[in-house]
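Each chain sits in its own coordinate frame; assemble them with the hints.
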Amino acid sequence: MGNNLFGQYSCKNTLIHRLDPRVKILSVVFASIFLFLLKSYYSFVIISIFIVLLIIISKIKLINLLISLRPFLFFFVFIFLMYLLFARAELNTGIITIWRFTILIIIASILTFSTSISQLVYAVEKLFMPLKVVGISPRNIAVMVSATIRFIPLLFLEANNIRDAQKSRLANFKKGKHVYGLVYSLLRKTFSKAANLADAMESRCYRDYNYSHFKDLRLMGRDYVSILFVISIAGVLLWIS
Amino acid sequence: MIEINNISYKYGDKPALRGISLKINEGDFITVLGHNGSGKTTLIKHLNALLLPDKGDVSIDGINTKKDSWEIRQKIGIVFQNPEDQLINSIVEEDVAFGLENLGLKSEDIQKKIIEILCKLNILHLAKENVNNLSFGQKQLVALAGVLVMKPKYIVFDEPTTALDPKNKLNIMKIMSALNKEGITIILVTNNLNDIKKYVKTILILKDGKIIFNGKKKKLSKDILKKAGMYGE
Chain A
0 MGNNLFGQYS
10 CKNTLIHRLD
20 PRVKILSVVF
30 ASIFLFLLKS
40 YYSFVIISIF
50 IVLLIIISKI
60 KLINLLISLR
70 PFLFFFVFIF
80 LMYLLFARAE
90 LNTGIITIWR
100 FTILIIIASI
110 LTFSTSISQL
120 VYAVEKLFMP
130 LKVVGISPRN
140 IAVMVSATIR
150 FIPLLFLEAN
160 NIRDAQKSRL
170 ANFKKGKHVY
180 GLVYSLLRKT
190 FSKAANLADA
200 MESRCYRDYN
210 YSHFKDLRLM
220 GRDYVSILFV
230 ISIAGVLLWI
240 S
Chain B
0 MIEINNISYK
10 YGDKPALRGI
20 SLKINEGDFI
30 TVLGHNGSGK
40 TTLIKHLNAL
50 LLPDKGDVSI
60 DGINTKKDSW
70 EIRQKIGIVF
80 QNPEDQLINS
90 IVEEDVAFGL
100 ENLGLKSEDI
110 QKKIIEILCK
120 LNILHLAKEN
130 VNNLSFGQKQ
140 LVALAGVLVM
150 KPKYIVFDEP
160 TTALDPKNKL
170 NIMKIMSALN
180 KEGITIILVT
190 NNLNDIKKYV
200 KTILILKDGK
210 IIFNGKKKKL
220 SKDILKKAGM
230 YGE
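Chains as they are written, first to last, in numbering that gives the first Met the number 0: chain A, 0 to 240; chain B, 0 to 232.
Just so you know, the hints here were simulated from the structure itself, not pulled from any lab data.
Since no wrong hints were added, every one of them can be taken at face value.
Simulated crosslink set (EDC-like; lysine to aspartate or glutamate; CA at most 16 Å straight-line): (1) B:Lys65 / A:Glu201; (2) A:Lys188 / B:Asp84; (3) A:Lys192 / B:Asp84; (4) B:Lys44 / B:Asp56; (5) B:Lys44 / A:Glu201.
Among the chain B residues that face chain A by a calculated CB cut under 10 Å, a handful are: (6) Arg72; (7) Gln80; (8) Asp84; (9) Asn88; (10) Asn101; (11) Leu102; (12) Ala142.
Heads up, the beta-carbon is just placed ideally off N, CA and C, and yes, glycines get one too.
Next comes chain B alone, as it looks inside the complex (with noise of 0.2 Å):
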């Protein structure tokens, strides 16, 4: 479980969490609304401890991340809104290698599961490409790639449909909404309402660092996006 408790996040003077606190359990499928410079990406920042808290704890499974980030990162893995800038080596498989090498894991049993994973979102064939001739969705598979095959019980995924076309759009929420049935909680970032409608069960919106909704999706009022800025997307 993920557990939140009267957060606050200042870059500089400027406010960028205000008392948040939260609760997401293990299995939810829960997206955090809010426009841009709502916060959104600060909080997801604190739950793998890239951000710690100027105020209150978040802890994941008990951990608190001021304490062990390193145990807390394997927990909960982020796909990154850009997949350009978090594909660190040239070749794919390499890339997808990238954190099990941080684990130590045998160079056997690494091969072992780059093909597992790749063979998942059918993109073994692009195990040998190099990452700067694939599309803009292949990377952003490879870098869903490189975060799976970690195998962490938490996914933030950070806007990922921003810069896709409708295919690619339709097939990230289907390996989200997959992933979340395979018990992997999935917290998906986003400032686009069209994404929430089929898939989520749970709704968190943020309007300047304070949470101004969290509950089921069928309890979001148009007052509430109205509030949020967010009616008539």
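Okay, chain A solo, but in the shape it has when bound (with noise of 0.2 Å):
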């Protein structure tokens, strides 16, 4: 179960899955904030096409998208029926709202089908690099980031063995004393397996200095012209709105 979180990420050669992941994840967050600036159909239409445009460049299955899609079609027929209801003359700005999350839940399914989730912890190590001046580390925060993701499958595991132990000796899950076992022999193990990663970090010579990378990200051409693309399109929008 836990893996489908994760787990979207496909190896493809293709440009978007070359570019640098601090790239993708500054692209991604500037057009999150970009997109609350437009508000006229033309420049959701023009948005719409570059974004279409990515998936083809991309290689990415559109089934694959419109599956990270499902699990917020209630709150796009929520809202549209709101607006419906309570404030039909304001219909289109629900449509464009509506219209707004879908574009940025397919911009970060774009990000992360197309880049692993050691390039994306690496990037944000990369980007939080300017927090060592206040005393805080990137590369633990990267490595929380990177073992929590690789510990979430072995939780979700632990938890159903857990759960299959106690059903076997009838516990009943609707009563709060069962509930409270589970969640217990959880938390215990999960600090168990907490102390004896910390344990194999420690015997492997972690440090937060000095360190190097075994893959280690460098600005390429396509990079520069991937920003200045972005920076383009976002002009044009701007002026088109």
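Shown next as structure tokens:
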């Protein structure tokens, strides 16, 4: 189950996959803010065409994108109905709001479909480098995120094992006492795993200074072109809006 | 050489090690035997400076564990009992790279060493795999690769065969023997007498935090095993 949460990345040799993850993350952050500045249908049509192009270039299957939109369907229907029932005059605003969120989710999905977790974590580490000035270690943050991602599927598995073991002893999870037993056992195992992991990290010389990286990130020509392209699109859209 | 000089250690008020003294020579293959709670894991954690003794000293090649734990950890690697808990990154090659990143090696050197070690353990085909998709035996090999790639002089295996099937158990024992023949000192911690039958040279038996036997395998008698509560296993 946990694997599905973070198992969206599919390794492909496309321009989008090859882009520096920092560029992709910053583009998504920029787009998330920028989308809220757009108001007209025209600008949303243009950005939608741009998104379709991105999907084609990145060779991401449409069905996968639709699956990533599915959990938000209820939210979209809810917004639409609210506008339809209580603010029919503002229905256009409602449609644009749904459109905006759809684009946001698709952009975020393109990021996760085209970037491996380790690339994302490493990019976050690089982007957080300025935090060193205030005494926060970017490597500690990156390793924490990485270990969390690594252990989530294991914790789901542990939870299932504990639940099955307790069910086999006639546990009834409608009773608070039995739920407490499940949570307590899971927490105990989690802390034990965390302690073991800390030992394993220490014994492999873990430190958050003077370390290197297996896959170092370097900005290439395509990354600079992409940044320029995103800024140009944003300029055109602002002008239209 | 590993020198342990009269060390004692307590968890709260409960003594785990009581006045342990020991020397392990380079190139040795030693087994630490003992029942659960005998102090085996506490002892090996002292070798890697994960624990520091309340009394006494541990030194590796003349370096006291209280002084330079980072240097010590480059000399002694530990393969823990459960590989599940010691794999830090999700992708095999990235996990193997973890220790080398900590040593500050260049990206190209890391890549080279990873390929070398994965080839040595016959798991190169797993390099891009997610560790969560591997079998227990494969995870154990990846955990070992993560330690071996740092080229330690001494390797501690903490009950490595406990959860393995016979085929993987034999494979791990063969690997340990091969590493020992290459000159790496092996310290095998186990509570299974079958593990020591073929490859081990020296045996150390712990009971209630004390050494009750330290000598060559051929000198191990039934009486000693009885005393350790391990006779008949």
